[in-house]
Every structure is written in C-alpha cells, then in structure tokens.
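Novice: Single-letter residue listing:
2 protein chains.
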Amino acid sequence: MEKVNLQEKLDRFQDYWHPRIVGELNGQHVKLAKLKGEFVWHSHDEEDELFLVLEGAFTMEFRDRTVHLAKGEFLIVPRGIEHRPVAENEVSILLFEPVSTVNTGNSESNLTRKNLEHL
Amino acid sequence: MEKVNLQEKLDRFQDYWHPRIVGELNGQHVKLAKLKGEFVWHSHDEEDELFLVLEGAFTMEFRDRTVHLAKGEFLIVPRGIEHRPVAENEVSILLFEPVSTVNTGNSESNLTRKNLEHL
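Taken in order, these protein sequences are the chains called A and B.
So the first sequence is numbered by this note's numbering: it starts at 2 and just counts up by one.
So the second sequence is numbered by this note's numbering: it starts at 2 and just counts up by one.
It is worth saying that the hints were derived from the structure and are not from the lab.
Mixed in with the good hints there might be a few duds.
Pairs involving identical chains hold if they fit within one copy or between any two copies, as the list cannot separate such chains.
Keeping only pairs whose Cα atoms sit at most 25 Å apart, straight-line, the calculated DSS-like set for lysine-lysine is [what the hints assert, rightly or not]: (1) Lys37 to Lys4; (2) Lys4 to Lys72; (3) Lys115 to Lys10.
Chain A with its partners taken away, still in its complex shape:
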C-alpha cells in the first residue's frame, strides 16, 4: 500500500503508445501512457476505457465526430465504439480500464503491447 506519484512514474519512460501499469483495484488497471502521432482505429469488445489528460492535449477521433481533450479533462469510451487517439504534440495520460484490456483492442498490429510492465 504505497502511494504513487504520477510525475515520478511518467519520468521513468519516454516511448509512445506503450502503457505502463501503476495500480490495480477491483479488476481494473490504472495505467500511464505517453502519446504522440496517430494511433490505429480500434474498439474493445468488453471494456470501457477512461482517458484522463495529465499534461498536454490530444484528440479522440470517432467515426462520426472528434473530441478534443486538454489537461484536467477525461473521456470514457464505451465498449464497442471505434476510436483513434491522435496527438499533434506529446501528451501524458492516465488510463483506467479492466485488466483484460489490450491497447489496440480488436486491431492487433505491431503497435499492440501485451504483458505490460508494472512501474
């Protein structure tokens, strides 16, 4: 039962689109990630995902609209909804999602990250 300092954890990695696990509770993971550029279109069959911006800003694209998210804002993407994060500049985010969640959902590719590191 140790506290987690978000900035201290963020300082420990620099690669993009590669989430790290920083907490687990009730079958959910708390993850941190840095994003820059365009991700792949994907959805998660069984998992809702929360994206909270810690530093910077990015855009969540949906097939019919986009949502711009800045520091201190979060968005919940329900299961089954296709989405694609796009970050013009580097952004740091916190994710809250079931432990079963894979970053690329139903679109496995070379961007897929499994067996995530616990920081």
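With chain A fixed as given, assemble chain B onto it according to the hints.
Specialist: Same frame as chain A, now just chain B:
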C-alpha cells in the same frame, strides 16, 4: 459520450465529505469530493478504493501508519483495511471505486451519503 472537465465539476459544489459522481465504466464510478477535517474510521468489505489528489493535500490514516498525499499522487486502499482521511486544509480528490461503494463503508453515521448526485 461527453468529456468531463474536472475543474468545471469541482466548481459546482463546495460541501465537504459529499462525493459527486462524474463518470461510470465497467461497474466502477468516478467521483469527485472535497475534504476538510477528520472523517470517520471505516473499511469497505468488498471494494478497493483509489484516492487521487487534484488540489491540496491530505493524510490517510491507517491503524499502524499514515500516508501523506499531495497533488498528483494517488493511493489505493484495499478492501477490508480500516482507514480515515484527515485534511488539515481543503483538498479536492478524485475517487475510483465500484458503484456499490458507500463513503462510510461499515460505519454508517450522519456522514453517510447515499444516492449520490451525478454532475
């Protein structure tokens, strides 16, 4: 599927120890609360709780030690562990916890808040 601005939601209430719901996913609630003073000792039989400090600082007391939490830090309190938040000055926090969670856990009192408002 609307984004949530944490500060905008925090500006909408001022009372202490009275969480508001600002999101729901995977059977979990995202809540915001403002704390000042001493809460009651309690535990939750079935729910782990995450406390993330958005503004200010507070201390989580356990029976055998205390953890001081400042802005940008979070702590996960596992189910069954007695705890008591104490805030010398006002603090704003974000909570992640199952929808079944009651703020005072097994210590129902006049501080218990049920049927929480969705902001």
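Novice: Work down the list of hints and note, for each, if the structure agrees.
Specialist: Do the hints match the structure? See the list:
{"no.": "1", "hint": "Lys37 to Lys4", "in the structure": "between (28 Å within a copy, 20 Å between copies)"}
{"no.": "2", "hint": "Lys4 to Lys72", "in the structure": "both (22 Å within a copy, 12 Å between copies)"}
{"no.": "3", "hint": "Lys115 to Lys10", "in the structure": "within (19 Å within a copy, 35 Å between copies)"}
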